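Undergrad: Sequence:
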Amino acid sequence: MDGNTAKNIEFQADNTAVKNEKYLDPKKWHKQDTTWALSLFGTAIGAGVLFLPINAGSGGLLSLLLITLLAYPVMYYSHRALAKMIYASNSADEGITGTIREYFGNKASIIFNIVYFVSIYTIVLMYSVALTNTASSFIVHQLHMSEPPRSILSLVLVLGLIAILNFGQDITVKIMSMLVYPFIASLLFIAISLIPQWNTSMLSFSAVSTASTGTGYLGTIWMILPIIVFSFNHSPMISSFVMKQRATYGIDATDAKCAQIQKVCYIMTFVVVMFFVWSSTLSLTPNDLKVAKEQNLSILSYLANELNSPVITIAAPIIAFVAITKSFLGHYIGAYEVMRDMIIKSSKKRGKDIGEKTVKTMILTFVVLTCWY
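Sequential numbering of the sequence shown, starting at 1, is according to the UniProt record's numbering.
No lab work stands behind these hints: they were computed from the structure. Only a predicted model underlies this, so the values are computations on that prediction, with no experimental measurement involved. Treat the hints with caution; some may be incorrect.
[Stated by the list, open to error] Just the calculated beta-carbon pair ranges, DEER-fashion: (1) Ser193 <-> Asn287: 16 to 26 Å; (2) Asp93 <-> Leu307: 16 to 26 Å; (3) Ala185 <-> Ile221: 27 to 37 Å; (4) Val140 <-> Leu307: 18 to 28 Å.
Positions of the beta carbon are idealized from the N, C-alpha and C atoms, including for glycine.
Let the sequences and hints guide you as you build the complete structure.
TA: This is the structure we're talking about:
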C-alpha cells in the first residue's frame, strides 16, 4: 500500500466518523423519539375519539369486536406503507410532495398537492370552528358567564394557535407531545372510573340485534372500516415525521427507527383508545347508545347527563379542547408542507425566489384569515 492510498483511506474514515457524529445512535431510544411518538398519537386521536364509543357500540358486540381486531393492523400497515414510500424515494428530504413528483412527474404532483391540501386543510378549518364552539360552550355552561362575541373569541384562539405555530415545527411537535400526557391520563381516568358502572347488556346476542342498523354483518363490517380509518388517521404528520428521522438518524437507519417509533405509538394508541371505548360502551346499555347517537352527543356529554357527574361535566369540554388543539396542530404541519411546496414551486416558475420567512408569513396570514370565524 503506497502513501497516497493510505492517506485516502484515512481521509474517508475521518469523513465517515464526522458524518456519523452528527446523527444520533439509532440503537438507543432518545427523547425526540418519545416526542414524535406522542405527536403522532396526538394527531391521530382528536375529538373524534369522544364519539368513537357511540359509533362503535351502536353496532353491538360484533361492531366492537371488529374494531378491536382491525384497528391496530389498519392503523399500523397503512401508515407504515406511507412512511416507506416516502423514505424509499431519492427525494425523501422533500417529503411527500417531492416523493410524488419523483414517482409520477410534475403534473401529477401538482394535482396531488391540490387534492392533498384540500383534504387536510378542510380538517384544519373544521377543527378551528370546533375549537371556538367548545370554548364558547365551556364559558357559558361551565363558567356561567355571558357568551363572548364569536368574532373576538375565534380571533383570540386562532392567534394563540398561530403563536405556537410561529415557533416552528420542532417547538410545535414538543407542545403537541406535552398536551398528549394529560389527554391520555384523562381518558384512562374516565375509563377506570366507569368500571363500577359496567353491565353485561352489550354482551348478549339480543343486544347486538336490537342495536344493529339492519344492514347485516357484512354491512356492519363495511360501516366499521371508515370509522377505523378516520378515528386513527394521522397521515398528515407522516411526511414531516420521516424527514425528521432521516435528518436525525441518517438514511441507513431511517427505516428501522421509523418502524420502532411507529410501533410504540400504535401500541399505546390502541391500548388507550380501545380501553376507553370498551369501558365507556360497557357502562351503557344499547338503548343508551342509540339515544346518544340520535342526539349526536359525545360519550362524555352523555355520561355527564346520565350519571349526573359534575367532574365529567367540567372535564368533557376541557378534554375536547385539548384533543382538538393537538389535532389542529398536527394537521397544520401537513398542510404547511404542501402550501410551502406550492408557493415555492409556483414562484420559481415565474422566475422569482421567495425566502423561507416570506413563505412562512404568507402561510400564517392565510391560516388566520381562513380560520377566523
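Undergrad: Each of the hints needs a verdict: does it hold here or not?
TA: Now the hints, each set against the structure:
1. Between Ser193 and Asn287 the CB atoms are about 22 Å apart, so this pair conforms to the stated range of 16 to 26 Å.
2. Judged by the Cβ atoms, the range 16 to 26 Å given for Asp93 and Leu307 is violated: they are separated by roughly 52 Å.
3. Between Ala185 and Ile221 the CB atoms are about 33 Å apart, so this pair conforms to the stated range of 27 to 37 Å.
4. Range check, Val140 to Leu307: Cβ separation about 22 Å, and the 18 to 28 Å hint holds.
Of the numbered hints listed earlier, the single one contradicted by the structure is hint 2.
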